[in-house]
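Undergrad: Sequence:
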Amino acid sequence: MQENSVKILLVEDNPAEARLLQELFRDVEASQFSFCCAKRLQEALSYVEVERFDVIFLDLTLPDSQGLESLNPLLKKVPYLPIVVLSNTDDEELAVEAVRQGAQDYLVKRYINREVLVRSLRYAIERKQTSEALQKAKEELEMRVLERTAELALANTALKQEICDRQQIEQALLQEKELAQITLHSIGDAVITTDAEGRIQSLNPVAQTLTGWSEEEARDRPLQKVLWLFDTATGSPIEDPITRVLNRGNTLEPSNRMLLRASDSQEFIIEYSAAPIRLECDRIVGAVLVCRDVTYSHNLASQLSWQASHDALTGLANRREFESNLQQILLEAKQGQQEHVLCYLDLDRFKIVNDTQGHAAGDQLLRQIADLLQDQLRSTDILARLGGDEFAILFTYCSLVKGQQMAARLIETIKAFRFRWREKTFSVGASVGLVAIDRQVESGAKLLSWADAAMYAAKDRGGNRTYVYENGDRDLEQRQGDMQWVSRIIKALEDDLFCLYAQPIADSRKENAFHYELLLRMKDDRGRVITPGVFIAAAERYNLMPEIDRWVVRKLFSTLSAHFPRNPSDRGALSNWYAVNLSALSLNDEGFFEFLQQQFAYYQIPPEAICFEITETAAIANLSKAAKFIRKLKKLGCSFALDDFGSGMSSFTYLKNLPVDYLKIDGHFVKNLDSDPVNFAMIEAINRIGHLMGLKTIAEFVENDAIREQIIAIGVDYVQGYSIAKPHPFELTLIPAMSGFDVA
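In terms of my numbering, the sequence shown opens at residue 25 and continues consecutively.
Among these hints, one or two may not hold up.
Cut-off 27 Å, straight-line C-alpha distance, at most; resulting in silico cross-link-like pairs (DSS-like, lysine-lysine) [what the hints assert, rightly or not]:
1. Lys-439 to Lys-375
2. Lys-439 to Lys-426
3. Lys-695 to Lys-656
4. Lys-470 to Lys-483
5. Lys-160 to Lys-63
6. Lys-63 to Lys-31
7. Lys-470 to Lys-579
8. Lys-426 to Lys-579
9. Lys-100 to Lys-63
10. Lys-534 to Lys-515
11. Lys-579 to Lys-652
12. Lys-515 to Lys-470
13. Lys-375 to Lys-534
14. Lys-100 to Lys-133
15. Lys-470 to Lys-534
16. Lys-426 to Lys-470
17. Lys-483 to Lys-358
18. Lys-63 to Lys-101
19. Lys-162 to Lys-133
20. Lys-750 to Lys-547
21. Lys-426 to Lys-358
22. Lys-101 to Lys-160
23. Lys-375 to Lys-448
24. Lys-31 to Lys-160
25. Lys-695 to Lys-652
26. Lys-579 to Lys-680
27. Lys-100 to Lys-160
28. Lys-658 to Lys-720
29. Lys-652 to Lys-680
30. Lys-375 to Lys-101
31. Lys-483 to Lys-439
32. Lys-448 to Lys-483
33. Lys-695 to Lys-720
34. Lys-649 to Lys-695
35. Lys-534 to Lys-750
36. Lys-534 to Lys-658
37. Lys-162 to Lys-100
38. Lys-659 to Lys-750
39. Lys-534 to Lys-720
Read the hints as simulated data drawn from the structure, not as lab findings.
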């Protein structure tokens, strides 16, 4: 288990369900967890005997115990430890009985999700708070016990000093002493009593455990010889509290936490209080010291504090802590003349290790890189892991030139490093973005944004290099603009701000015979429509197109599903189709074909009603994969169009290997057709060869009647453009009724 984490004992004999629960716990951002898993009840009982846990998640169906019989043995072992019962049965009576018998919560496995876990953890916190309230009540009770103990000790001392032959008084004294001993032995805190000179008279069992001394060994020794207290922050010895009580004659209220070192070299964190023992005449005849062991709660608080500011995987500062340090450095830079440099470092080829060898290998690589970087930095530099394979470094009190030199040295160190995993060796690299920190910088967020953009610029130039951000850098300004669009695209996907437009594709030989190409648009916060030319480049650059393509398919299919007859025999002959553009990224997405199969099945859309369009450039970039993808969808019944065809005559060579149905002639040829005879000849050649190969041809960008007439004269099968119709919002009520459709 990882250090600095809250310990959870998961009692579950099903490995798949155990892994699922652990993954759900890791999604809860508020804490870090470590797990110990037991498959049997007896194994769980063995664990709680030797380890301390914060909560137990208990499956009611175990090989060696069934039902609530599993709960009772654990409650007997750890009566104060919260237990959350896991069950496959949604049984209210069973849930009530589980809670009645002592379980904290009852969770049905199939309903478990992140929200359920948050609720259950909240109950754990509330139970802890309740326990603390009970502890406070216990402390008040123990204070009364302390006062009673002092009174008993006083009575004991008075009885010792009084010479009395009466048997009744002696018997009362004996009873009082026995009661005091029983009280001292039963409470959970360490209690030490001394005489008026500070010599130990008694230690209860808890005090013997904390100090490492037996009562016989400690009796009549000065307290400072037995109880060694130190300041937790400085390590300096603390004044003997009993001496203070005896000298001043007043009670010491509960102290701050102190470090207690026992004679057997064990260390405990304690809180203590002390009071004088007085006779009726107000003479002090001794003192009592009460110590409470708070080691566990102290360590747990320290762990949680550490987790809040550090990365659990590498032990480095996390993004939150780094941004706090960056803000402090920025304030210093604004107030003085010091120079600092922000370094943003991203590993090259890390994904190869992570994808081919698994996350365990990726995690180990990140830990080794973190150690490697830390060894190369000065003691004043600040290193953090921001997430994934991205690291940030603050070169403090450092010029930009010096920062470049240090960054170059880090790159060379990483290049020379070899990562070995299961008899395989991998090399990685690093791309680094640098930004000078001076008094002109407005905020830490901008610094990180500039450094991130510079890092990607270094990566775009081949990696294993540095790139320095400078004001007015057009490349970085473009990248930052793209990154701003990325956030808007993600918001549009989350808030459903995309919309579809449709543009008719007319049959050049038939009147009122139309197909439709679906075109993507985005709406801003004011409802204004944004054309794709503004945001598509950013979506492609940051790998968002597969998700956008999925949105388009879902939106189209969900709209069409209400208008197709559910029974295929009622649809008639479908003479119309819808064209959907696919990006190169979706073409290379291993899961996209499966996604399309699921959508066709879910919405019951006939595949022959859908024509997918891919650009010639996308198809040629990975010809074999494109051909395989096209063949798989054509088996379902879909058709395919090759868009922007004809940008190079080598296109015909590739065309032989692509089983497409339609060629969309590059619009650059079409829109200048009436003034450029070369374009006319190109379109003629594409149309003729396409027909020889059994393909239909489509001319886009047909913007006026003159071009339309020439296209029809050449023999192109379909025309699309403003001379036919402009794109309009995709609503079936605006589209003429088509065979096989119900558009009422």
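Undergrad: A separate judgement is required for each hint: does it hold in the structure or not?
TA: Comparing the hints with the structure gives:
no. : hint               : in the structure
1   : Lys-439 to Lys-375 : holds (16 Å)
2   : Lys-439 to Lys-426 : holds (20 Å)
3   : Lys-695 to Lys-656 : violated (34 Å)
4   : Lys-470 to Lys-483 : holds (20 Å)
5   : Lys-160 to Lys-63  : violated (37 Å)
6   : Lys-63 to Lys-31   : holds (17 Å)
7   : Lys-470 to Lys-579 : violated (37 Å)
8   : Lys-426 to Lys-579 : violated (54 Å)
9   : Lys-100 to Lys-63  : holds (19 Å)
10  : Lys-534 to Lys-515 : violated (43 Å)
11  : Lys-579 to Lys-652 : holds (26 Å)
12  : Lys-515 to Lys-470 : holds (21 Å)
13  : Lys-375 to Lys-534 : violated (53 Å)
14  : Lys-100 to Lys-133 : holds (25 Å)
15  : Lys-470 to Lys-534 : violated (59 Å)
16  : Lys-426 to Lys-470 : holds (22 Å)
17  : Lys-483 to Lys-358 : violated (31 Å)
18  : Lys-63 to Lys-101  : holds (18 Å)
19  : Lys-162 to Lys-133 : violated (37 Å)
20  : Lys-750 to Lys-547 : holds (19 Å)
21  : Lys-426 to Lys-358 : holds (20 Å)
22  : Lys-101 to Lys-160 : holds (24 Å)
23  : Lys-375 to Lys-448 : holds (15 Å)
24  : Lys-31 to Lys-160  : holds (25 Å)
25  : Lys-695 to Lys-652 : violated (33 Å)
26  : Lys-579 to Lys-680 : violated (33 Å)
27  : Lys-100 to Lys-160 : holds (24 Å)
28  : Lys-658 to Lys-720 : holds (16 Å)
29  : Lys-652 to Lys-680 : holds (14 Å)
30  : Lys-375 to Lys-101 : violated (46 Å)
31  : Lys-483 to Lys-439 : holds (14 Å)
32  : Lys-448 to Lys-483 : holds (25 Å)
33  : Lys-695 to Lys-720 : holds (20 Å)
34  : Lys-649 to Lys-695 : violated (32 Å)
35  : Lys-534 to Lys-750 : holds (19 Å)
36  : Lys-534 to Lys-658 : holds (26 Å)
37  : Lys-162 to Lys-100 : holds (21 Å)
38  : Lys-659 to Lys-750 : violated (33 Å)
39  : Lys-534 to Lys-720 : holds (15 Å)
Hints 3, 5, 7, 8, 10, 13, 15, 17, 19, 25, 26, 30, 34 and 38 from the earlier list are contradicted by this structure; the remaining hints agree with it.
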